[in-house]
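Residue numbers (the numbering used here), protein chains in the order written: chain A, 1 to 162; chain B, 1 to 819; chain C, 1 to 143; chain D, 1 to 284.
Some hints could be false.
Not close to chain D: a few residues of chain A, all C-beta gaps over 10 Å, as computed [to be verified]:
#, residue
1, Glu14
2, Glu17
3, Ala82
Which bits of chain C does chain B cover? Going by a derived footprint, with three or more residues having C-beta under 8 Å, they are [unchecked claim]:
#, region
4, 83–93
5, 120–130
Facing chain B, a subset of chain D residues (Cβ under 7 Å, in silico) [as the list claims (entries may be wrong)]:
#, residue
6, Leu2
7, Val64
8, Val185
9, Val187
10, Asp189
11, Val259
12, Ala261
13, Ala263
14, Tyr265
Hints in this document: simulated from the structure, not taken from any laboratory. We treat Cβ as the ideally placed atom computed from N, Cα and C, and that holds for glycine.
The lines below spell out each chain.
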Amino acid sequence: MAGAHAIKVTINGERYERTVLAQELLVHFIRDTLGLRGTHIGCDTGNCGACTVRCDGRLIKSCMMLAVQADGCELTTVEGLAPPEAELTPLQQAFNTEHAVQCGYCTPGMVLAASYLLERNPDPSEHEIRRALKGNICRCTGYQNIVRAVRAAASGEVEVGV
Amino acid sequence: MTRAVVETIESVEHELGRYTGRSLPRTEDRRLLKGQGQFVDDTWMFRQGYVHFLRSPHAHANIRRIDTSKADALPGVYATMTAAEMAERCEPFFRIAPDPAARIVEYPLALKARYEGDAVAMVMAETRELARSAAELIEVEYEPLPAVVDAVEAADPRSPVLHEEVGSNLAWQGIYDYGDIDWALENADHVVRIERLHFHRFSSTPLECQGALVNWDLGTGQVEIVSNIQFPMFASQVMGPSLGVRQDQLLWRYQDSGGGFGNKIAMYPQVAALALISRKAGRPAKWTEYRSENLLSCGMGNERTFLDIEVPVMADGTILGFKLRAFDDAGAYLHYEPLGAVIWSQVTPGCYRFKHVHVDYTETMTNKCPTVPNRGYSRLQHLWMIERIVDTVARRLDFDPVQLRKQNYVQPEDYPYETPNGCVYDSGDLPGALDKALSLIDYDGARELQKRGSAGKRIGIGIGSTLDSGTNNFGQARIINPDLPFSGNGEAATVKLDLYGEIYCTLGTSPTGQGHETTAAQVIADILRVEPGDVRVNAGFNKEHSAYVGFSGTYASQFAVTGINAAIGAARRLRAEIIKVGAAVLGCEEADIVLDGGVASYRGDSERAIPLIGIANVVYANNAVLPPEIADSVSLNCRYVYRPPFQVPDPETKRGNLTLTYAIQVHACVIELDEETGQVRILQYGAVDDCGRRINPQIVEGQVHGATGHGIAAALHEAFNYSPEGQLLNANFYDYRVATALDIPELKTDHIESPSPFTPNGAKGMGEGGGAPLATICSAIQDALGPDAPLVSDSHNSSERVWRLLRGQESSHVDVSSR
Amino acid sequence: MRADGSLSVQASREVMWSRLSDPRELERALPAVEEVEVSDEDSFSVLVAPSTALGETPLWVDVQVAERREGEHVRLVCRGRGGEYDAELALEISLDGDGDADGCEVRWSAEASFNGILSALGQRVLPAILASQVEGVLRAAAS
Amino acid sequence: MLLRSLEYERPTSTQAAVEALRSSRRARALAGGQSLINVLKHRLAECDLLVDISRLEELRSIDVAVDGSVRIGAAVTYDELDNSASLRGAHPKLAEVAGGIADQQVRCRGTIGGNACYSDPASNFPPLLVALDAKMEILGADGLRSVSAEEFFHGPFDTAVRPGELLIAIHVPARGELGVGYSTVTVADADSWALARACAALKVNGTISGARVVVSALAGAPVRLPELEERLSGLEASPEAIREACANLGAGLAAVSDVHASAEYRREMAAVVVRRAIVEATER
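Let's have the full structure, built from the sequences with the hints guiding it.
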């Protein structure tokens with residue numbers, strides 16, 4: 001088929017070999033072909049960050065990358081942060097405790113962006129947190145509790161449960 | 001002063017309190033954090049086809065010819081439809097508007113393009129890409145027509161007419177007249193006149209766009225709809241007669257919704273279109289809105305222009321009221337309008353004891369995207385205008401803005417306070433809230449900072465006080481159109497004890513992030529004396545659960561009142577049944593049964609007890625042990641409809657109690673303004689909210705944050721701009737600049753808790769906020785500009801607009817005449 | 001939106017006139033023109049594909065010669081349609097120069113409006129792109 | 001939003017990339033894709049072949065020479081520039097500007113070559129590259145050629161890179177005694193859409209010398225301000241003197257009006273950012 005490419009990718013530790021069309025966006029490959037629906041789509045200009053995933057360690061927006069470009073890459077989506085039945089990670093727990101989730105649509109991308117920040121900068125200032133989350137739009141929280149949650153996760157002061 | 005009479009309410013506050021009122025972490029979060037949420041686009045059906053709407057690039061155009069044959073011929077295209085075909089397959093939507101706007105004939109697709117983005121045809125195909133490519137092959141011959149994009153101009157009979165059958169662009173026109181404004185203007189010591197105020201267009205743009213997956217099952221006649229629509233029962237009422245489908249065949253459901261803010265209320269034309277193309281193709285039809293499509297056509301908040309504002313003021317600072325003309329811009333279609341033409345009057349005098357109000361209100365249709373409710377629907381425009389009035393009076397007559405507000409506010413002892421148009425403000429403490437807001441921003445320190453000044457910068461301090469009126473009386477629709485068969489409000493819930501003792505709740509609401517699963521479990525746990533974790537609450541509206549009434553949905557700041565009190569009512573019914581069964585099994589009087597910790601026991605003898613699983617067992621699977629009079633009168637599946645105490649308002653006098661509760665927001669901020677660039681930086685922001693009894697304070701605070709974020713963003717960054725030809729100049733997220741984490745400052749919050757005497761649980765709805773940040777930021781910019789600067793007359797203030805104000809460029813004249 | 005400009009070209013006024021007034025000549029001269037359908041002397045349709053670093057943007061354009069003064073001035077009214085947008089363009093071209101065979105002065109002005117997706121996404125850059133495309137056409141016509 | 005169908009190739013050398021680009025008039029190079037893919041999604045432009053150059057090692061390095069000059073491969077990402085210690089040492093402004101582009105995700109994919117080749121008026125690098133007198137290394141069928149940054153940027157989405165050519169690297173001369181200032185007025189927060197932007201590079205030795213002042217984001221390509229540069233020459237490096245030299249600067253500049261700002265405001269802001277950039281340049 002014209003424009004068809006066989007690609008090999010590893011997503012959340014699982015290896016896949018699939019055929020994709022050249023024009024297919026990575027986010028559609030993740031959602032439609034692999035059925036990983038935790039990666040969302042919120043805009044068509046690469047502004048909102050709902051489709052954020054990790055690609056070979058880097059933080060990227062999967063709506064601005066072609067699936068074929070991910071050939072040979074290792075991807076992590078929100079589903080890959082912990083096994084499906086596992087407890088929340090400390091960062092996810094902080095989002096819960098600090099009420100940093102409302103509609104939850106931005107949440108997977110936001111958590112990935114925040115975890116990327118904390119890997120590179122374990123003790124970020126409020127401004128550094130806001131800069132790191134700038135590529136992820138949230139319309140519900142005014143970002144207040146998201147920033148709080150990231151700070152709480154960084155300081156290790158996350159209360160679990162009630 | 002007249003004291004309002006409201007039906008006596010039986011309070012249930014004493015039954016709540018173990019878990020109600022606590023900041024429990026949300027139960028929804030786990031699935032959302034792990035990527036296990038299920039949003040509309042995550043839902044699939046076998047054999048589904050993807051739909052793409054072809055939208056007009058012209059703001060106003062006749063369609064001379066439309067030819068879908070090339071698209072139809074493309075392999076993989078399942079069906080196409082045009083407006084003409086729609087008109088053959090369904091009836092026009094019913095109208096809220098009275099004559100002449102009632103004559104509008106509207107189908108799910110447009111026979112004539114009336115705004116840029118109007119859907120004129122649709123394609124359903126095997127893939128998204130193909131549907132879009134096929135839509136490009138549809139040939140449409142447009143005959144462009146002159147456009148009108150201003151609400152005031154649209155009222156001019158010489159303007160182009162959008163709907164020929166109406167004969168003009170008038171959506172609604174009427175006069176609201178309370179007290180005696182002419183007397184007030186004649187007898188006031190001062191009259192402040194403002195030429196013009198303009199409230200701009202913006203929307204809250206939920207991060208998840210609209211979407212629906214619709215399957216018209218030709219076998220059963222059922223129309224299954226998975227959709228993130230916010231007010232499914234309104235859509236059901238519109239779509240049933242239009243599609244000729246019975247109510248029991250319109251089956252709505254969804255699980256998670258990525259935000260709403262009112263914007264997702266009016267999706268019924270798209271859903272109806274999807275239903276019809278599904279029927280035609282014999283396949284489920286799936287549509288997920290693109291963001292650019294969403295910005296063009298999902299709906300925007302109401303834009304309003306206020307003209308010839310006159311404000312009578314007494315020498316001591318008492319403001320008597322106001323007189324003005326308002327022009328509201330409804331956009332091209334009336335999908336929820338002209339309800340906005342009355343909704344604003346829920347807060348006629350704002351936070352103030354104004355006695356004399358005269359509003360000449362006109363709503364017109366323009367060649368712009370139709371309006372929809374947007375966080376603070378129709379009231380935030382009005383409340384912003386009132387705050388601009390109060391600030392302008394303070395400036396021009398040299399009153400202190402804090403004292404002037406405190407003096408004119410409705411006072412704590414005034415509650416319940418009846419407004420000039422018969423609305424009843426339930427409770428609150430506005431002066432106290434203002435004091436708290438000022439202390440959040442260190443008001444005195446900020447004034448010091450302002451005096452000290454720094455080179456090239458100016459400091460401004462702003463105040464905004466607003467109301468979030470919640471739980472509509474739908475009877476107010478009759479003020480717009482006396483023939484409408486609507487009044488009151490309500491919500492339904494079911495609470496069930498299931499076979500193995502599980503407690504399960506279904507709600508009629510359609511949450512979009514407000515945590516209904518958590519808060520409903522909190523109150524049910526209190527009523528049934530179990531742990532919140534023992535209660536599972538179904539997420540998302542599902543019509544098959546039969547937990548609905550005609551008002552069901554999530555909108556207009558009402559869940560804490562309607563939804564929660566429905567859940568409380570259902571839980572109390574279930575409790576009564578559990579006690580009845582328990583008494584029968586334990587052989588005692590119902591009065592002797594104590595229900596606690598999942599066990600019904602005989603008072604004083606904890607050994608004589610039956611757990612909930614036992615109660616469930618004897619009703620579900622072991623009913624021969626029960627006396628027939630008990631077995632026949634319990635189901636353990638209890639439905640309750642909460643009905644707020646409303647009467648029908650009087651369409652003649654336009655008086656009546658239009659809303660049940662009034663949450664209060666008082667905000668204050670300190671900004672720094674760059675003299676060279678006009679850029680505004682927020683240094684301090686404080687928000688105080690009073691929403692009565694809080695069910696989950698952390699969730700309340702989250703709503704305050706969100707509403708504040710939207711308001712700040714709208715005041716400084718977000719505005720929809722149309723060219724004179726009707727082209728939307730920012731139909732994408734590059735140019736429609738939604739606030740990022742860097743744009744919203746740290747928000748400080750505080751609260752007052754004034755229980756509502758009108759709701760069983762003392763709560764007030766509060767999700768919308770009152771648009772307080774728009775008033776607050778404008779007030780601060782005005783303050784920073786200094787004493788002789790022109791009026792901040794627009795609710796949106798880009799850097800350039802501020803820069804022009806700094807240079808003395810006036811866009812609205814203010815005049816004061818004194819006796 | 002408006003854009004205008006002027007440039008000197010290495011072609012005589014006569015040559016420029018013949019190229020600009022004859023659709024067949026245009027098709028030959030211009031790299032961006034892929035197809036021409038001539039209805040009559042004053043109206044024709046062209047498929048153009050202006051090129052930028054981002055790719056090509058094919059447009060079917062109906063051109064009407066609204067005004068012509070032999071050898072010195074032409075006013076074209078163009079209506080183009082692309083995928084999800086359309087464009088209207090009124091282009092005036094005036095030729096100056098005293099019949100010098102080596103070259104002439106071309107002045108042009110354009111009034112353009114864009115409908116659909118281009119009106120938002122393109123507004124910031126379209127005046128500059130329009131100017132470079134028009135001047136590209138004029139240069140190509142001269143060569 | 002979805003792309004039209006097209007072909008994709010991932011050549012393994014720059015030569016092969018150029019050959020692929022020459023194979024079709026509608027072939028375009030794809031690196032980070034942070035601009036191109038969005039345009040293709042909106043179907044505002046068409047490509048029939050995308051030539052993926054993002055993994056070409058020849059384009060992926062930052063090399064700082066002994067003399068302090070820098071060669072940056074066209075496919076180096078903003079994030080790599082931001083986090084390059086050697087670049088921070090040799091040319092801190094290049095790293096700082098890279099670190100202020102858009103957001104973290106875009107910085108992880110977007111490349112300096114793409115930023116240059118699209119020549120978007122709002123882009124961050126073009127004025128800086130012109131002010132620093134960078135040289136752009138372009139590979140075509142006839143081999144390598146070098147174009148000064150000043151001649152490279154023609155207008156929006158229009159540069160000296162001709163069809164069938166590929167930008168390979170950007171050479172930036174050693175900073176030496178240069179002070180570099182960079183100032184932007186944006187729509188909202190610091191990293192958002194530019195309404196006016198300026199970059200100044202100059203030396204201060206009591207007085208100002210060798211100034212290169214560039215303004216951008218007003219209309220098309222970045223614009224150098226030779227008259228101002230001349231006025232600056234020999235000028236005392238004080239904010240007052242600079243303010244005077246910049247007086248009435250905006251009036252003569254071409255600017256567009258759009259939904260974010262009028263041409264008038266952009267011109268006025270140009271004067272502000274030019275002054276601020278020059279003052280900053282004199283301070284380092």
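Here is how each hint holds up against the structure:
| no. | hint | result |
| --- | --- | --- |
| 1 | Glu14 | holds, 23 Å |
| 2 | Glu17 | holds, 17 Å |
| 3 | Ala82 | holds, 22 Å |
| 4 | 83–93 | holds (count 4) |
| 5 | 120–130 | holds (count 3) |
| 6 | Leu2 | holds, 5 Å |
| 7 | Val64 | violated, 31 Å |
| 8 | Val185 | holds, 5 Å |
| 9 | Val187 | holds, 6 Å |
| 10 | Asp189 | holds, 4 Å |
| 11 | Val259 | holds, 4 Å |
| 12 | Ala261 | holds, 5 Å |
| 13 | Ala263 | violated, 11 Å |
| 14 | Tyr265 | holds, 4 Å |
In the structure shown, a violation is registered for the earlier hints numbered 7, 13, in ascending order.
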